[in-house]
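Asks: What follows is the residue order along each chain.
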Amino acid sequence: DAGITQSPRHKVTETGTPVTLRCHQTENHRYMYWYRQDPGHGLRLIHYSYGVKDTDKGEVSDGYSVSRSKTEDFLLTLESATSSQTSVYFCAISERRGGNQPQHFGDGTRLSIL
Amino acid sequence: GQNIDQPTEMTATEGAIVQINCTYQTSGFNGLFWYQQHAGEAPTFLSYNVLDGLEEKGRFSSFLSRSKGYSYLLLKELQMKDSASYLCAVSGYGQNFVFGPGTRLSVLP
Chain A
295 DAGITQSPRH
305 KVTETGTPVT
315 LRCHQTENHR
325 YMYWYRQDPG
335 HGLRLIHYSY
345 GVKDTDKGEV
355 SDGYSVSRSK
365 TEDFLLTLES
375 ATSSQTSVYF
385 CAISERRGGN
395 QPQHFGDGTR
405 LSIL
Chain B
3 GQNIDQPTEM
13 TATEGAIVQI
23 NCTYQTSGFN
33 GLFWYQQHAG
43 EAPTFLSYNV
53 LDGLEEKGRF
63 SSFLSRSKGY
73 SYLLLKELQM
83 KDSASYLCAV
93 SGYGQNFVFG
103 PGTRLSVLP
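These protein sequences, in sequence, are chains A and B. This note's numbering puts the first residue of the first sequence at 295, with every later residue one more than the last. This note's numbering puts the first residue of the second sequence at 3, with every later residue one more than the last.
Source of the hints: derived by calculation from the structure; they are not laboratory data. For each residue, glycine too, the CB sits at the ideal point set by N, CA and C. Please note that a few of the clues may not be correct.
Said to hold, decoys possible - Derived lysine to any residue pairs resembling SDA-like cross-links, with alpha carbons at most 20 angstroms apart:
| no. | chain 1 | residue 1 | chain 2 | residue 2 |
| --- | --- | --- | --- | --- |
| 1 | A | 351 | B | 97 |
| 2 | B | 83 | B | 105 |
| 3 | B | 70 | B | 21 |
| 4 | A | 351 | B | 95 |
| 5 | B | 83 | A | 401 |
| 6 | B | 59 | A | 352 |
| 7 | A | 347 | B | 59 |
| 8 | A | 347 | A | 359 |
| 9 | A | 351 | B | 94 |
| 10 | A | 305 | B | 42 |
| 11 | A | 351 | B | 62 |
| 12 | A | 351 | B | 42 |
| 13 | A | 305 | B | 41 |
| 14 | B | 83 | B | 61 |
| 15 | A | 351 | B | 5 |
| 16 | B | 59 | A | 395 |
| 17 | B | 83 | B | 39 |
As the list claims (entries may be wrong) - Looking from chain B toward chain A, a few residues come up when the C-beta cut is under 7 angstroms (computed):
| no. | residue |
| --- | --- |
| 18 | 31 |
| 19 | 32 |
| 20 | 33 |
| 21 | 41 |
| 22 | 44 |
| 23 | 45 |
| 24 | 60 |
| 25 | 62 |
| 26 | 95 |
| 27 | 101 |
| 28 | 103 |
As the list claims (entries may be wrong) - Restraint-style ranges between C-beta atoms, simulated for each label pair:
| no. | chain 1 | residue 1 | chain 2 | residue 2 | range |
| --- | --- | --- | --- | --- | --- |
| 29 | A | 367 | B | 16 | 24 to 32 angstroms |
| 30 | B | 54 | A | 302 | 41 to 49 angstroms |
| 31 | B | 70 | A | 361 | 21 to 29 angstroms |
| 32 | B | 82 | A | 394 | 41 to 49 angstroms |
| 33 | A | 306 | B | 54 | 41 to 49 angstroms |
| 34 | A | 351 | B | 19 | 38 to 46 angstroms |
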């Protein structure tokens, strides 16, 4: 199994509070991704990173920011959480972007915003 | 733009064969991936197709027709543990994956 650890695994918080999710990898892969998964929508890309300090927006980036200060860590921050951000969040990694390289996923973080 | 479609739910019987379809429209294509996701768990990689035809891997096979924008995942000798969601994802040259909505498969005894 790919060495990907997400923390926390579960979190319940209130609207308006800041939340940071962490993804840690031990594979030394260049690319890291944050997705959210909601019923009826499948996996949707929030942000991705193609190297230390190099990040870009995905399909549903509004309300989220990311940072990557080390190859192994990719943080997702909700500056002021809203109920619409209640979801399951997955981190993924890959050696290359696109092509024949599959993405490998962490176990996910279940986030509830009340 | 990119659009990927899959049936929402399917049901099959233990020991049977089931085919899960995926149709796609993309601005660039460099491969199609299938993932399996058990409830409450992470998606796990099953197969990859970039050329037309069938790729076989044990009880699972995946087919691709690039001209038709069509793929299917074939599961043989179904087992109860195959009850899961199956996601197809399309990748383009130097582009991110686009995932379909997933098909939830229930295997009944």
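Asks: Next, verify each hint and record whether it holds.
Replies: The hints, checked one at a time:
1. For the hint pairing residue 351 of chain A with residue 97 of chain B, the CA-to-CA distance comes to about 12 angstroms; that is within 20 angstroms, so the pair holds.
2. Our distance criterion of 20 angstroms between C-alpha atoms is met by residue 83 of chain B and residue 105 of chain B, whose separation comes to about 15 angstroms.
3. Our distance criterion of 20 angstroms between C-alpha atoms is met by residue 70 of chain B and residue 21 of chain B, whose separation comes to about 17 angstroms.
4. Annotation: proposed proximity of residue 351 of chain A to residue 95 of chain B holds, straight-line Cα distance about 18 angstroms (limit 20 angstroms).
5. Using a Cα cut-off of 20 angstroms, the hinted pair residue 83 of chain B and residue 401 of chain A holds, with the two alpha carbons roughly 19 angstroms apart.
6. For the proposed pair residue 59 of chain B and residue 352 of chain A, the alpha carbon gap of about 32 angstroms is over 20 angstroms, so the pair is violated.
7. In summary, the hint linking residue 347 of chain A to residue 59 of chain B is not supported, as the alpha carbons are separated by about 39 angstroms, beyond the 20 angstroms threshold.
8. Annotation: proposed proximity of residue 347 of chain A to residue 359 of chain A holds, straight-line Cα distance about 12 angstroms (limit 20 angstroms).
9. The hinted pair formed by residue 351 of chain A and residue 94 of chain B meets the criterion: a straight-line CA distance of about 17 angstroms does not exceed 20 angstroms.
10. In summary, the hint linking residue 305 of chain A to residue 42 of chain B is supported, as the alpha carbons are separated by about 15 angstroms, within the 20 angstroms threshold.
11. Of the pairs offered as hints, the one joining residue 351 of chain A and residue 62 of chain B is violated, with about 34 angstroms between alpha carbons and a cut-off of 20 angstroms exceeded.
12. The suggested pairing of residue 351 of chain A with residue 42 of chain B is violated, with an alpha-carbon distance near 26 angstroms, which exceeds 20 angstroms.
13. Distance restraint check for residue 305 of chain A and residue 41 of chain B: the Cα-Cα separation of roughly 18 angstroms lies within the 20 angstroms cut-off, and the hinted pair is therefore satisfied.
14. With a CA separation close to 13 angstroms, the supplied pair residue 83 of chain B and residue 61 of chain B stays within the 20 angstroms bound.
15. Restraint check: the Cα-Cα separation between residue 351 of chain A and residue 5 of chain B comes to about 19 angstroms, which is no more than 20 angstroms; the hinted pair holds.
16. Between the alpha carbons of residue 59 of chain B and residue 395 of chain A the distance comes to roughly 17 angstroms, so the proposed pair stays at or under 20 angstroms and holds.
17. Among the hinted pairs, residue 83 of chain B with residue 39 of chain B is consistent with the structure: their alpha-carbon atoms are about 11 angstroms apart, no more than 20 angstroms.
18. The criterion of a C-beta within 7 angstroms of any C-beta in chain A is not met by residue 31 of chain B, whose closest approach is roughly 10 angstroms, and the hint is violated.
19. This hint holds: residue 32 of chain B has a C-beta 5 angstroms from the nearest C-beta of chain A, less than the 7 angstroms allowed.
20. A least Cβ separation of about 6 angstroms between residue 33 of chain B and chain A falls short of the 7 angstroms threshold, and the interface hint therefore holds.
21. For residue 41 of chain B, the suggested interface contact is broken, since its CB lies about 11 angstroms from the closest CB of chain A, more than 7 angstroms.
22. The restraint placing residue 44 of chain B at the interface with chain A holds, with a minimum CB-CB distance near 4 angstroms, inside the 7 angstroms limit.
23. The beta carbon of residue 45 of chain B comes within 5 angstroms of a beta carbon in chain A, closer than 7 angstroms, and the hint placing it at the interface holds.
24. Taking 7 angstroms as the C-beta contact cut-off toward chain A, the hint placing residue 60 of chain B at the interface is violated, the least distance being around 17 angstroms.
25. Residue-level restraint check for residue 62 of chain B is violated (minimum Cβ-Cβ distance to chain A is 14 angstroms; threshold 7 angstroms).
26. Given the 7 angstroms rule on beta carbons, the hint for residue 95 of chain B holds: about 6 angstroms separates it from the nearest Cβ of chain A.
27. Annotation: residue 101 of chain B was flagged as interfacial toward chain A, and the flag holds, the nearest CB pair being 4 angstroms apart, inside 7 angstroms.
28. Look at residue 103 of chain B: its Cβ gets to within about 4 angstroms of chain A, closer than 7 angstroms, so that hint holds up.
29. The hinted range of 24 to 32 angstroms is not satisfied by residue 367 of chain A and residue 16 of chain B, whose Cβ atoms lie roughly 43 angstroms apart.
30. For residue 54 of chain B and residue 302 of chain A, the Cβ-Cβ distance of about 44 angstroms falls inside the hinted range of 41 to 49 angstroms, so the restraint holds.
31. The given range of 21 to 29 angstroms is broken by residue 70 of chain B and residue 361 of chain A, whose C-beta atoms sit roughly 42 angstroms from each other.
32. Taking the beta carbon of each, residue 82 of chain B and residue 394 of chain A are about 32 angstroms apart, not inside 41 to 49 angstroms as hinted.
33. Taking the beta carbon of each, residue 306 of chain A and residue 54 of chain B are about 48 angstroms apart, inside 41 to 49 angstroms as hinted.
34. In this structure, residue 351 of chain A and residue 19 of chain B meet the distance hint of 38 to 46 angstroms, their C-beta atoms being roughly 42 angstroms apart.
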